Amino acid sequence: MNIAEKKISILGAVRSGIGAAKLAKRNSALPFVSDCAPRVKVEKNLLNLETEKINYETDAHTERVYNCDFIITSPGVPSDSEVLQTALKKNIPVFSELEFASWFCKGKIIAISGTNGKTTSTALCAHVLNECGIKAYAAGNIGLAFSEVVPFVKEEEYVSLEVSSFQLDHIETFKPKFSLLLNITHDHLDRYENKFNRYVRAKLNIARNQDETDYFIYWQDDTNIPAEIGNNKVKKYSFSLSDTVENGAFYKDGKMWFVENGNVEEICAGSELSIKGEHNIANALAVLTVTKILNLPNEKIRKAFSNFPGVEHRLELVREIEGVQYINDSKATNVDSVWYALRSFDKPIYLILGGKDKGNDYNRIKDLAVKHVKKIYAIGVSAQKVFDFFKNVVETEKVESLEECVNIARREAKPNTIVLLSPACASFDMFDDFEHRGKIFKEAVNKIN
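For the numbering used here, add 7 to where a residue sits in the sequence shown, where the first one is 1.
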């Protein structure tokens with residue numbers, strides 16, 4: 008793709024926006040970055056732009072944004088935002104950073120999406136490929152932006168790419184070699200006019216441009232994933248926790264199996280997987296399907312599954328103090344993630360819940376709360392909603408800060424229990440992002456004497 012001398016406006020001085028700007032300049036384009044956030048909020052990121060001598064603006068999107076050949080938008084900019092609606096009226100093409108970076112990717116893309124499990128699956132997939140001797144990068148919403156990685160990816164290498172629905176909203180030619188759809192549950196509906204079908208359609212975009220040379224892998228058990236999915240050309244594989252599959256991976260009798268063209272083989276026991284929980288078995292089955300299509304050896308797959316270190320902010324053990332485990336699950340930004348977290352432990356739980364609500368229905372975890380939760384600490388702008396729902400279910404207390412939650416739990420939690428940060432909400436009411444929230448939690452825990 009030749010973009011030399013093209014004027015490109017990039018919305019968002021964040022990780023993906025900075026990466027896109029640098030990639031644009033690397034390819035002789037004329038990038039301009041615009042962020043409506045106050046300068047002080049994005050100050051650190053601006054240093055990257057200044058080093059690269061890339062022009063930018065903060066505090067507002069001015070008319071300069073529209074003086075361009077096309078716009079690259081960041082995931083945090085809603086499609087119905089004024090800046091994008093104005094671009095639409097002016098007939099200015101809008102692409103996601105995902106689409107833009109894919110134009111320059113020489114390697115093969117493994118795109119991984121779903122409401123939950125994306126980050127863990129993306130990291131696990133890259134880990135297994137690397138352990139099997141195939142160079143793979145983990146990128147996207149995890150670690151480095153796709154556009155930061157692209158310049159270094161060789162033709163024979165892979166990018167394991169975490170992909171959100173927001174990024175898939177603005178694609179045109181994005182065509183991964185493998186697309187994985189882990190699950191679809193109610194989330195981010197505030198970005199889709201509270202219409203679940205719009206959210207589903209966005210997720211299905213992941214396979215839109217695939218053909219008979221590509222693979223589409225999906226969770227067979229998820230009734231929210233339509234039976235007829237993707238297009239008729241792409242090779243379809245599935246995975247299941249509850250049944251066998253025609254082609255793909257399934258879990259039976261405590262073991263992971265792979266089947267292709269009627270040939271079934273046992274790969275490993277679920278207990279060999281280093282990360283615990285039924286949801287992680289599902290994630291591993293999706294990754295297993297990719298590795299077996301690539302004909303990687305079972306022994307190396309098993310070893311990689313067993314030595315995978317896990318991912319920060321996903322059921323991460325921070326410390327154990329006097330018999331109390333402190334678990335950081337800050338990535339749990341929806342109710343379904345908390346449902347999986349609560350099912351992963353057999354000890355009483357002191358649960359930190361709340362943040363920026365996205366239309367949460369807590370009925371999904373009500374029975375699990377009764378069974379597993381000793382007390383709930385409600386935080387953030389949704390604290391009142393959390394308190395009102397759970398006050399007659401389990402003991403619930405509204406707390407002003409995350410640090411205070413840790414201090415109260417330190418006094419109240421008994422040995423052989425768990426203090427779990429699994430908020431079910433976005434973090435933007437109190438923190439920069441879920442990583443920042445997890446970091447603050449870990450700092451508070453590590454201050455305990």
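Read the hints as simulated data drawn from the structure, not as lab findings.
Being a predicted model, the structure only gives us computed values, none of them experimental.
Errors might be hidden in some of the hints.
Okay, derived cross-link-like pairs now, DSSO-like style, lysine-lysine, Cα gap no bigger than 30 Å in a straight line [claimed, not checked]:
| hint | residue 1 | residue 2 |
| --- | --- | --- |
| 1 | K202 | K373 |
| 2 | K113 | K202 |
| 3 | K48 | K142 |
| 4 | K398 | K382 |
| 5 | K454 | K283 |
| 6 | K96 | K115 |
| 7 | K283 | K48 |
| 8 | K449 | K421 |
| 9 | K307 | K354 |
| 10 | K283 | K382 |
| 11 | K161 | K283 |
| 12 | K182 | K382 |
| 13 | K161 | K32 |
| 14 | K446 | K283 |
| 15 | K113 | K48 |
Here's how the hints hold up against the structure:
A C-alpha spacing of about 24 Å is found between K202 and K373, which places the hinted pair at or below 30 Å, so the restraint holds. As the CA atoms of K113 and K202 are separated by approximately 36 Å, the hinted pair breaks the 30 Å bound. Using a Cα cut-off of 30 Å, the hinted pair K48 and K142 is violated, with the two alpha carbons roughly 36 Å apart. Between K398 and K382 the alpha-carbon distance is near 10 Å, which keeps this suggested pair within the 30 Å criterion.
For the proposed pair K454 and K283, the alpha carbon gap of about 27 Å is at most 30 Å, so the pair holds. Of the pairs offered as hints, the one joining K96 and K115 is violated, with about 35 Å between alpha carbons and a cut-off of 30 Å exceeded. Between K283 and K48, the direct Cα distance comes to roughly 37 Å. Violation of the 30 Å bound is thereby established for this hinted pair. Straight-line distance between C-alpha atoms of K449 and K421 comes to about 19 Å, which keeps the hinted pair within the 30 Å bound.
For the hint pairing K307 with K354, the CA-to-CA distance comes to about 33 Å; that exceeds 30 Å, so the pair is violated. At most 30 Å may separate the alpha-carbon atoms for a hinted pair to count; K283 and K382 meet this at roughly 23 Å. About 34 Å separates the Cα atoms of K161 and K283, which puts this hinted pair outside 30 Å; it is violated. As the CA atoms of K182 and K382 are separated by approximately 46 Å, the hinted pair breaks the 30 Å bound.
Between K161 and K32, the direct Cα distance comes to roughly 20 Å. Compliance with the 30 Å bound is thereby established for this hinted pair. Simply put, K446 and K283 have alpha-carbon atoms about 22 Å apart, close enough for the 30 Å limit, and the pair holds. A hinted pair counts as satisfied when its Cα atoms are at most 30 Å apart, and K113 with K48 does not qualify at roughly 35 Å.
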